[in-house]
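Same order as they appear, the protein sequences are chains A and B.
Numbering (our numbering) for the first sequence: 19 to 269.
Numbering (our numbering) for the second sequence: 126 to 415.
No lab work stands behind these hints: they were computed from the structure.
Under the rule of at most 25 Å between Cα atoms (straight-line distance), these lysine to any residue pairs were calculated in the SDA-like manner: (1) B:K291 with A:T118; (2) A:K135 with B:Q310; (3) A:K161 with B:S292; (4) B:K308 with A:N72; (5) B:K308 with A:R70; (6) A:K161 with B:Q310; (7) B:K308 with A:E76.
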Amino acid sequence: MEPILSIRNLNFYYGEHKALKDVNMDIYKNNVTAFIGPSGCGKSTFLRTLNRMNDFIENVKVEGNIIYEGKDIYSKEMEPVELRRRIGMVFQKPNPFPKTIYENIVYGLRKNGVNKKEVLDEVVEKTLKAVALYDEVKDKIHKSALELSGGQQQRLCIARAIAMQPDVVLMDEPTSALDPISTMKIEELVLELKKDYTIIIVTHSMQQAARISDYTAFFLNGEVVEYDETSKIFSNPRDKRTEDYITGRFG
Amino acid sequence: MNNEELKRLKKRKMLNSVMHGIFLACTLFGVIVLAVLMIDILRKGLPWLSFDFLKNFPSRFPKKSGIYPALLGSLWVILLTAIIAFPIGVGTAIYLEEYAEDNRFTEFIKLNIANLAGVPSIIYGMLGLAVFVRLFSMGRTILAASFTMAILILPIIIIASQEAIKSVPSSLKQASYALGTTKWQTVTGVIIPYALPGILTGSILAISRALGEAAPLIVVGALAYVSFIPKGPFDQFTVLPIQIFNWAGMPKKEFQDVAAAGIIVLLVILLGVNSVAIILRNKYQIRMKD
Numbered sequence: 019m020e021p022i023l024s025i026r027n028l029n030f031y032y033g034e035h036k037a038l039k040d041v042n043m044d045i046y047k048n049n050v051t052a053f054i055g056p057s058g059c060g061k062s063t064f065l066r067t068l069n070r071m072n073d074f075i076e077n078v079k080v081e082g083n084i085i086y087e088g089k090d091i092y093s094k095e096m097e098p099v100e101l102r103r104r105i106g107m108v109f110q111k112p113n114p115f116p117k118t119i120y121e122n123i124v125y126g127l128r129k130n131g132v133n134k135k136e137v138l139d140e141v142v143e144k145t146l147k148a149v150a151l152y153d154e155v156k157d158k159i160h161k162s163a164l165e166l167s168g169g170q171q172q173r174l175c176i177a178r179a180i181a182m183q184p185d186v187v188l189m190d191e192p193t194s195a196l197d198p199i200s201t202m203k204i205e206e207l208v209l210e211l212k213k214d215y216t217i218i219i220v221t222h223s224m225q226q227a228a229r230i231s232d233y234t235a236f237f238l239n240g241e242v243v244e245y246d247e248t249s250k251i252f253s254n255p256r257d258k259r260t261e262d263y264i265t266g267r268f269g
Numbered sequence: 126m127n128n129e130e131l132k133r134l135k136k137r138k139m140l141n142s143v144m145h146g147i148f149l150a151c152t153l154f155g156v157i158v159l160a161v162l163m164i165d166i167l168r169k170g171l172p173w174l175s176f177d178f179l180k181n182f183p184s185r186f187p188k189k190s191g192i193y194p195a196l197l198g199s200l201w202v203i204l205l206t207a208i209i210a211f212p213i214g215v216g217t218a219i220y221l222e223e224y225a226e227d228n229r230f231t232e233f234i235k236l237n238i239a240n241l242a243g244v245p246s247i248i249y250g251m252l253g254l255a256v257f258v259r260l261f262s263m264g265r266t267i268l269a270a271s272f273t274m275a276i277l278i279l280p281i282i283i284i285a286s287q288e289a290i291k292s293v294p295s296s297l298k299q300a301s302y303a304l305g306t307t308k309w310q311t312v313t314g315v316i317i318p319y320a321l322p323g324i325l326t327g328s329i330l331a332i333s334r335a336l337g338e339a340a341p342l343i344v345v346g347a348l349a350y351v352s353f354i355p356k357g358p359f360d361q362f363t364v365l366p367i368q369i370f371n372w373a374g375m376p377k378k379e380f381q382d383v384a385a386a387g388i389i390v391l392l393v394i395l396l397g398v399n400s401v402a403i404i405l406r407n408k409y410q411i412r413m414k415d
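This is chain A alone, in the form it adopts within the complex:
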């Protein structure tokens, strides 16, 4: 299988603090890859290195390579603005813009120069259907997105991300602020979306990783302890620390 992202010898520093230590990983296309591990283990930091969202934090340093389409994403050839269009992101808390549902979805397209009404209308309908939100909101797509429930808002944020037609969608604990029913809907959605997108999801819940992911990486203190097919990680972990974590002995 061909990797869409190849991470080689990645180190990441917040000032003096080394938050990621020599991470090596291949992320495979049209799969769901989950990052698990206790708080502060570096899984979110790692996720944010993949679309250079860490650029906005001052006093950080990246070493190593992340290869995407044959190019190192931290090299001069890669424009971060373009990279983020290709590698989208969904955040921990639903963060729709205080605009209409419609304008939320087309925001990125408009900023990338797409302004034709027919095109935008089509994208809105298509992406709302893709995130199974269309039937719920079809009568109020020109109303404020803030009127939606938390779960609906998060699905809207996913719609906003996939409206850009990205290759990869990064999800940073997308269900941690949601109730169980909304969580279930997002999980179903992730399984549906992997047909068209590569999904990388950070999760606090091991059950969630087991339910939806094809590959799982276990992070501890900035290191990847183990990275393998999800079934192997959960049934037959090679590392003692992984086993301790997934059996609930710590974390």
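Assemble the complex: chain A is given as a structure, and chain B must be docked to it using the hints.
This is chain B only, laid out in the frame that chain A set:
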């Protein structure tokens, strides 16, 4: 509850009532003084207030005196001040909050802007006289006055805009960046729309402060007596507070009442400007759920 505890409770409740009374008195002090002032001014000024008062020129006869040139002068100065100060102030705030790196230099600028907001207005008058009137040869014109006033209120606009920009949730900025937008696109797409009510409120309040300032404009060279209507930025002028000050200093007793009428006009304009601020804020206020 035993006796001892009951006694203590009573004492605590008593102290609470006393403090309640003291704080109420503090509040009433300001309100009552203001009310007395208002009543006095209204009593003196209202009989003099008429359409003629608004349309007439100043005169040595109190009955014929009017406020027209000062009113137009104030409106001209305020309009130009807003046009100069608003874009520069908001631009500075966007630079400091979004573009500038967090280094010592930026810190130094921010600190000094905060200090400038506290500099007495007459100092700005001296600056305006030296720089705009003389160095840039603008003369004692509305334009020079507007630039002086713009410099005076710039720190207030910058600080208000900075606060408004800081209040934009970082989650929204990140959402915008994560969709492949540049900094400028995020500024126009998320930051300005969200911060606009705060920016507008702060700016309008700053402008209403400029409306009431007399000291810097006396230094810059507003006229004491104006017998013409200012028609453009290069005309000489006077403004409402200076006109009021002149009337208040006149020997004839009736002029005190004319001054009161002038104060009412100034207050009505100030209240008008402040209501615009409130209306704009409510109109653009975006209610965010946390």
